[in-house]
Amino acid sequence: MVTFPELTRVPGSPAHLLGVFAHRGEVIPVVDIGLLVGKGSQSTRRAVLVRLPRGTLALTASTVAGVSPVTGSLEPLGASGVHVHLRGPAKGAQRDVAVIEPEGLFDYLSQGA
1 MVTFPELTRV PGSPAHLLGV FAHRGEVIPV VDIGLLVGKG SQSTRRAVLV
51 RLPRGTLALT ASTVAGVSPV TGSLEPLGAS GVHVHLRGPA KGAQRDVAVI
101 EPEGLFDYLS QGA
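Under the UniProt record's numbering, think of the first position of the sequence shown as 1, with each following residue one higher.
In short, the hints are calculated from the structure, not lab data. For glycine and all other residues, C-beta sits at the position ideal for the given N, C-alpha and C. Where hints are given, some of them may not hold.
[Claimed, not checked] The calculated label-pair distances, taken between Cβ atoms and stated as ranges, are: (1) ARG45 x SER68: 24 to 30 Å; (2) ALA22 x GLU75: 35 to 41 Å; (3) SER80 x THR3: 29 to 35 Å.
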């Protein structure tokens, strides 16, 4: 979890791409996951860094309750768009949660979504 500084906007980018910032020598895009899935902005300066072999992205998050293993297979939450890369619902400690499939989300965002 990082607190990101003022972001540099990317001209022509979709609303869910809030901008980019430099972190340890890497330029990292910040994605507002609430806007991406149509739930509205999370209005936070905190994000979870998702590191993949192809690069890193930051997903906004107001809090992180913890990290838990997920067992079994989870169905996609939708048949198209970003919802194909969200799985669930999974039982969380306090409520049901959606599980993000990071590689698929990265692919989706790389296609200009």
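How the hints compare with the structure:
1. Evaluation of the 24 to 30 Å hint for ARG45 and SER68 yields a pass: the beta carbon distance comes to about 25 Å.
2. Our hint of 35 to 41 Å for ALA22 and GLU75 holds, since their Cβ atoms are close to 38 Å apart.
3. Between SER80 and THR3, the C-beta spacing of about 34 Å keeps the proposed range 29 to 35 Å intact.
Violated hints for the displayed structure: none, as all numbered hints are satisfied.
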